[in-house]
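One letter stands for each residue in the lines below.
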Amino acid sequence: MCGIAGILFKHHAGPVGDVLIKMLADLNRRGSDSTGVALYSNLPVGNLVVRIKVEEEATEETVDWRKLIVETAQEYGAVRQSERVGQYVRLLMDYDGEYEDLTVALEESGAGVEVFSMGQRLEIIKQMGLAVELDATHAISSFQGTHGISHTRMATESRIDISHSHPFWARPFPDISVVHNGHITNYHKLRRRLEIKGHRFNTENDSEVIAVYIADKMQQGASLDEAVQCTIDVLDGTFTYLVATGDSIGYARDQFGTKPLVVAETADLVAIASEEAPLYKAFPSGLDCREAGAREVRTWRLPVAEPALATV
Amino acid sequence: MTASIDCAALTTREINQAIQRLAAEGEAEIHLLNPEARHSLGVTIFSPVKIVIEGTAGYYCGGMNDGATFHVKGNVGWSVGECMLSGEIVVEHNSASGTGASIRGGTVVVKGHAGARTGVAQKGGLIVVGGDTGYMTGFMMQQGIMVICGDAAEGLGDSMYAGSIYVGGDVNDPGNDAVLQAMTDEDRQFLSETLDRYGLSDKRPISDFKKIGSGGRLHNFSKADFELWRVAM
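Those sequence lines, one after another, are chains A and B.
Counting along the first sequence from 1, when you hit position 67 you're at 66 in numbering that gives the first Met the number 0, and nothing is skipped either side.
Counting along the second sequence from 1, when you hit position 2 you're at 1 in numbering that gives the first Met the number 0, and nothing is skipped either side.
Simulated from the structure, these hints should not be mistaken for laboratory data.
Any given hint might turn out to be false.
[Stated by the list, open to error] As a list, the in silico EDC-like pairs of lysine to aspartate or glutamate whose alpha-carbon atoms are at most 20 Å apart:
#: 1; chain 1: B; residue 1: 202; chain 2: B; residue 2: 91
#: 2; chain 1: B; residue 1: 72; chain 2: A; residue 2: 287
#: 3; chain 1: B; residue 1: 210; chain 2: B; residue 2: 186
#: 4; chain 1: B; residue 1: 49; chain 2: B; residue 2: 28
#: 5; chain 1: B; residue 1: 209; chain 2: B; residue 2: 153
#: 6; chain 1: A; residue 1: 280; chain 2: B; residue 2: 53
#: 7; chain 1: A; residue 1: 280; chain 2: B; residue 2: 5
#: 8; chain 1: A; residue 1: 9; chain 2: A; residue 2: 264
#: 9; chain 1: B; residue 1: 209; chain 2: B; residue 2: 150
Chain A extracted, bound-state conformation (with noise of 0.2 Å):
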């Protein structure tokens, strides 16, 4: 199954996390072996986010992250604050270069160490159980934001761990996330098809597949609207998915409509969410909400003139 969930609040920054985590447990019961959230804000300082994995199971510090991973970011930019989370590492630092240089350079620091986003406003966190547990890590629920997309996993294919878990970063292009529910069956094709054009994958699991699509397309010059409405008859298989960037949400279903979406807009704010019971757990008065139809795509842009709303 898998479970999906996501919220924008259109006018300024909202309990994004808070919301995030109270779907998702709810959602635990579509799939618990892994859960995860991609969050969008402001930075306090720098200019650049990264969260970085360090360690598969780490519940000690087993690795030197300071030499490791704040060493080498020192040698592209300043390291304005560093932190480690669980098996996370979090910069904040000012950067200027591509991100592929950046990325490549932290994951060859050290063995197992992987990027899992990067971006001025995205920061991905995902970790194996449930959500109450993700919480517990990282504190999800007192996260301020305009946006963010979440994913509760049942893997049906590829690995169960961190690296498999949901969202994906498109990498290397920055603040650009998504999760998925189905199964993309012409995955091996697309991702030769991207290979090709140079684009790097960090898994096997199907999904990455359609974030460095949209992010391919959105290189190209395409909106965000247009590279979603791409994937309707590009990618074969079943899917739900909804997707993030700096200042949008969206999400497609498949031309059948095999996989479940539930969508609600307020004047304040977008809910997304697999069912309508996790809308109940978020918003206890219940959202008008409706059942998305096959082929449907829609996305959501944060006003123009405040692409950087303060975080309260």
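Please arrange chain B on chain A, whose structure you already have, making use of the hints.
For chain B alone, coordinates are given in the frame of chain A:
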């Protein structure tokens, strides 16, 4: 007599067992409070009891119903009334995919919009939708009647064997072998009475309705219809 069950503190199994117990004790009407889109509410109820869901139900609401009357004040999720034999389910707002899937009898009314595959493999009974209906509505329908006041998405009535689908709005892309049939005075009389009964008369004038049925070309294989079969399969 009227009873109420607060779903908030109970498991789904406890809720459904409470419904069956109250119905056996002779309650005429049971209200479910705080349903919060929970799945499988009121499945396999075989008593002529009235169940009022004070909010939104999740998947399979009223599934396999035989004789009970449901009134859902909010939305329902997938497959409301799936495999119903008899009874009635009225939903005030929207429903999701598989609305009234495979019902053999009884009535499912959705006053708002219904999702994809509404009335898939319908084998009898009546499905009424006040708004639009989704992709492949009436796919492989075998018997019964469907009334759609709004528009029908692509694939309406694809590969249907028999039965009738009345559509008040647009049918832009009917499914394989779904054909337009002539409306009779009896059809109009039936529509008028049905919409009136569920307070849907203002949704669409009766004169707008079209009737869709099976063209019969998929009942028996014919080489001349090979292309149609190829697409249908």
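Violations among the numbered hints, reported as their numbers in ascending order: none
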